[in-house]
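Fit chain B with the ligands to the known structure of chain A by using the hints.
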Amino acid sequence: MQADLLLENAVTRIEGPLLFARREARVGLNAAVEVLAGNGPPRLGRVAALDETSMVIEVLEATSGLALRGTRIRLHPEPLLFGVGPNLLGRVFDSVGRPLDGGPPVAARTRRRIEGLAINPAWRALPRDFIETGIATIDVMNSLVRGQKLPLFSAGGLPHDRLAAEIAQRARLRGTKGEESFAVVFAGIGVPHDTADQFRLAMESSGALGHTAMFLNLADEPGMQRLLAPRYALTAAEYLAFEEGRHVLVILTDMTNYCEALREVSASHGEIPGRKGYPGYMYSDLASVYERAGCIRGRPGTLTQLPILTMPGDDIGHPIPDLTGYITEGQIVLDRELDRRGIYPPVRVLPSLSRLMDAGIGAGFTDPDHPALAHQLFAAYARALRVRVLASVMGEQGLPESDRRFLGFGERFERQFVHQESARTLEESLAAGWAVLQGLPHGELTRLSNAQIGRHLGEAAHA
Amino acid sequence: MSEARITWIGGPVLKACATGPFSIFEALAVGERRLLGEVIQLRGDELVAQVYEDTTGLEPGVTVVGLERPLSVTLGPNLLGGIFDGLLRPLSLATDYQIQPGAAERVFARHRLEFTVRDGDTLSAGAVFARTVAPRPQSLLVPPSASGRVEALVEPGEHRDDETLLVLVDDSGRRHELTMQHDWPVRRSRPVRERLGVNAPMITGQRILDTLFPVARGGRAALPGGFGTGKTVLQEALAKWCDADVIVYVGCGERGNEMAEVLDEFPQLEDPRTGRPLAERTVIIANTSNMPVAAREASIYTAITVAEYFRDQGLNVALMADSTSRWAEALREVSGRLGELPGEAGYPAYLSSRLAEFYERAARVTSLAGAEGSVTIIGAISPPSGDFSEPVTLHTKRYVRCFWALDRQRAQARFYPAIHPLQSYGSDVQELADWWKRSGNPDWLVQRQRVLELLEAQAHLERMARIVGRDALPPQQQVRLLCADLVNEGFLRQSSFSKVDRFCSPPRQVAMLSVLLHFADRANAAVAAGVPPARLVALPMLRQLQRLGEEFGEDDLLRLRQLPRQIDYEFDQLQPVASHAS
Ligand SMILES: Nc1ncnc2c1ncn2[C@@H]1O[C@H](COP(=O)(O)OP(=O)(O)O)[C@@H](O)[C@H]1O
Ligand SMILES: [Mg+2]
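Residue numbers (our numbering), protein chains in the order written: chain A, 1 to 463; chain B, 1 to 582.
The hints are simulated quantities; they were obtained by calculation from the structure and are not laboratory data.
Watch out, some of these pointers could steer you wrong.
Unchecked claim - Straight-line distance between alpha carbons at most 35 Å, and here's what the computed DSBU-like set of lysine-lysine pairs gives:
#1 K276(A) - K397(B)
#2 K276(A) - K15(B)
#3 K437(B) - K397(B)
#4 K499(B) - K397(B)
Unchecked claim - According to the in silico footprint, chain B covers these stretches of chain A (three or more CB under 8 Å from chain B):
#5 124-135
#6 277-289
#7 317-323
#8 338-346
#9 398-406
Said to hold, decoys possible - Cβ-to-Cβ under 7 Å is the rule here; a few derived chain B residues that face chain A:
#10 E59
#11 A94
#12 Q98
#13 F227
#14 A260
#15 S382
#16 R543
From the three backbone atoms N, C-alpha and C, an ideal C-beta is built for every residue, glycine too.
The shape of chain A in the complex, shown without the other chains (with noise of 0.2 Å):
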């Protein structure tokens, strides 16, 4: 391995994020960088581009009070690593993992890049291990499983922090108790000190600091560095899982500012703008972020994700949640209006899919009927939405009789299966769903076969 190597005076050019510099030694694309000026902090870079006589290093912190004069460059061999080992649980990192707990460095096991690698797809094993989060829209329409990567797609204002916090705080596999290694790493991205420590206070409630790894990123802090602590925290997230066998649960908040933050630096390079201003590789950039989600197999254990973005506008056509709910595997979206009704949580299940539900669910897995009590929940939902925009224009009372039980059954649905005021078990949350379908014409409940309606709902199926 090449030695470190120090460039003096080697800076031409300052512009925005990117350093130009003569390159003045053999370095090699994409390697880490380090701009030293006065007696500040090193800041972190990479080598974006070189030719014969000169390099790009794009500067992953702010450049403000950089100088030509003065400003060394130390050159690494090697692209961004993440020194990661045992005990990174339990303590707080700033977004490129050095200590901000007062604690010492994590003495590092094996060194990894923080771009990670492209998981091989015949080595992926299928996530199928059924999370119960308590939640009874997530658990019964829309199932977690372990290795899913499953965002929610909220908006300024609604309570997706507190969900989320709830989620790392209950998420557990039916019938384990505990004996299994768990960790939650938190990537705190351009979020506010407080919703940093709302989270930090809801783990060390129930108990469950010691399992989690915080990296903040908060929004005083450089927009550049949005960008990494993703990749710090899923390097580590990724040795948890699959080095030391834990089942870890991520969760990125805010991605939003980290889109915003990917705009930012791909205007500074000059390119081509795409949507709304979003460089045209967003969606593969995302992609580095999101796909390192997953189970490998022999591996024992798992990385979920649980990222989460605010729609700008409440759009859910934006750029931003359109890319990411075109790589999730699902996606759990939050409503204003159900939250202006008190329900909590709002969860808008219509728009709301998670893809891998059909292998964790049903006979073996969860309840044999309960796919098809999903599917019914689904059906009969759309139809009474259509139905309350019907009552909305003509009353009512012009409605036929059947219509007028789907009205009912509409605002059952939200009040009684949707809002909780506590976390339910699966059991509950069936039962939960399968009471609001009480009072549907049986005829008209397509979804359930007859056995299915005798075994839930009384006897036998009459119009």
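Just chain B with the ligands, lined up with the frame of chain A:
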């Protein structure tokens, strides 16, 4: 072999100064790890190349070697049942669980062979010269670029895939050494003797497709839909149950877990026509969303080349491309890095011609050696925010014969497949009617038309009902709404996760359709005779009809064909003038 030295590198694009001749689109090996690349521009001594793998660590001065051929893949008997990257290199369990860039050590396979030729025979380009024995017999082909008299044929039996099996001496005395495999440049379509017209549908086992919007063998279909509307599940369902001989499934910029799912499921599922595991007829090509973007652009060409190779063996091949949008985006990204002028939505101006070239490679053909085969392309499209007016959807629409539009509303109500019957079309319906006639349903065209008219009327009547209320519509119209609902629920709805209903054979499709249309006939007659529509809604068997797909599987055809009698029975019970009118 010519060499060049890197003078500039940024991301997947490099510039190099050449010391020997290079040609445009020549494949390259870059640096010590021999990363695969391709020349994309030549200006004097300078060449511009894109690299298909992670370029981390490359620097100016590193050597680039020309491989003296365009970007090519190796075609042969090792493909079926395997998973490969976008450049057709195996993604095996022999390597680390994370993909390391660079050329992996080549692994050789052995196959048992029987020759179909003898020394002295004359072989034309593309001819079959041998067959592999077990697990699944495959033909070995003379490459399209070679022909001649057979010499030096080895003994039949087991051979390694790189051994010379025979030599062909052509008229000009040139010797062609043949192995089990040959290379073919991915961007060039494999030659055929003749392109043929439409003669039969590719049966997909999906009712809404086969009955309403059928795709022909050798046809081209597009499957656009926003995220979560069901593109992948449908592609996988077709890959499992369609009646092609070989499936090429290319995951282009999509999820790793979806590839793993195919790998996991297909070996366990049985091909209903051969009784063999489905994996044996499948080739998986994976460039997942986190694998290098440049290789994503190539993966589509790799896939279609593999499909053509099996077509040339006289097989019917179906190519599932999920998703062509990611391919177009890769094209856009590379174009952007080259500083080309962007067109609509940033895509290069040649997007449309590239799409045309790709879809044009679907066809039913007579191969060079006279065998009849076909490649059918099913391309998924992922339009930004599900809006079909974007360039990839619009341009694709110009080149495909079938358009299967996925609808967000249907998907959200978990009505699958969420294909919108009024936004979708199939253009080869007239030609395919003959096939249905030959297969025992002379009324297919008429029945199909009736279903489409019902669905069209439904859209219109629902708008009316929103204003005046459903009960206020005239009885005839209420019945049409009822029947349209029934067609949706009982016929178009088909879950890919239902063991009973995931596949629907043409005879079952015909039987189901006949049952439902019989109900419609009786219902129309009943209201015409004065039966109030509310009594039809209360018919006991309605529930069964709405669950027709679930309740009557492939083994229940006889019972299914009895249903019209039960319908008659229930209608015969209805009195025209109801005692308790509603
Ligand atoms: N034909 C179908 N049958 C049953 N479920 C389906 C079907 N199509 C889609 N789904 C459901 O919808 C989810 C999303 O489908 P998918 O094909 O992954 O969407 P897309 O590829 O368009 O993003 C699946 O996980 C599955 O639950
Ligand atoms: Mg998909």
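Okay, the hints, checked on the actual structure:
For a cut-off of 35 Å, the pair hint linking K276(A) to K397(B) stands: about 25 Å separates their Cα positions. As the CA atoms of K276(A) and K15(B) are separated by approximately 31 Å, the hinted pair is consistent with the 35 Å bound. The suggested pairing of K437(B) with K397(B) holds, with an alpha-carbon distance near 29 Å, which does not exceed 35 Å. The hinted pair formed by K499(B) and K397(B) meets the criterion: a straight-line CA distance of about 33 Å does not exceed 35 Å.
Here's how the stretch 124-135 of chain A fares: 4 of its residues keep a CB closer than 8 Å to some CB of chain B, so the rule of at least three is met and the hint holds. Note: the stretch 277-289 of chain A has 6 residues with beta-carbon separation from chain B under 8 Å; the three-residue rule is met and the coverage holds. Figure legend: the stretch 317-323 of chain A, annotated as covered by chain B; annotation consistent (4 residues with Cβ-Cβ distances under 8 Å, at least 3 required). Under a criterion of three residues with beta carbons nearer than 8 Å to beta carbons of chain B, the stated coverage of the stretch 338-346 of chain A fails, only 0 such residues being counted.
Against chain B, the stretch 398-406 of chain A contributes 4 residues with a C-beta closer than 8 Å to a partner C-beta. That satisfies the three-residue criterion, and the hint holds. Hint status for E59(B): holds, given a least beta-carbon distance of 5 Å to chain A, under 7 Å. This hint is violated: A94(B) has a C-beta 10 Å from the nearest C-beta of chain A, more than the 7 Å allowed. Interface hint at Q98(B): satisfied, since its Cβ lies 4 Å from the closest Cβ of chain A, which is below the 7 Å cut-off.
Because the closest C-beta pair between F227(B) and chain A is about 4 Å apart, less than 7 Å, the hint holds. A distance limit of 7 Å between C-beta atoms decides the matter here; for A260(B) the minimum to chain A is near 4 Å, and the interface restraint holds. Residue-level restraint check for S382(B) holds (minimum Cβ-Cβ distance to chain A is 6 Å; threshold 7 Å). Interface restraint check: R543(B) against chain A, minimum CB-CB distance 5 Å, threshold 7 Å, status holds.
In this structure, the earlier hints numbered 8, 11 are contradicted, and the remaining ones agree with it.
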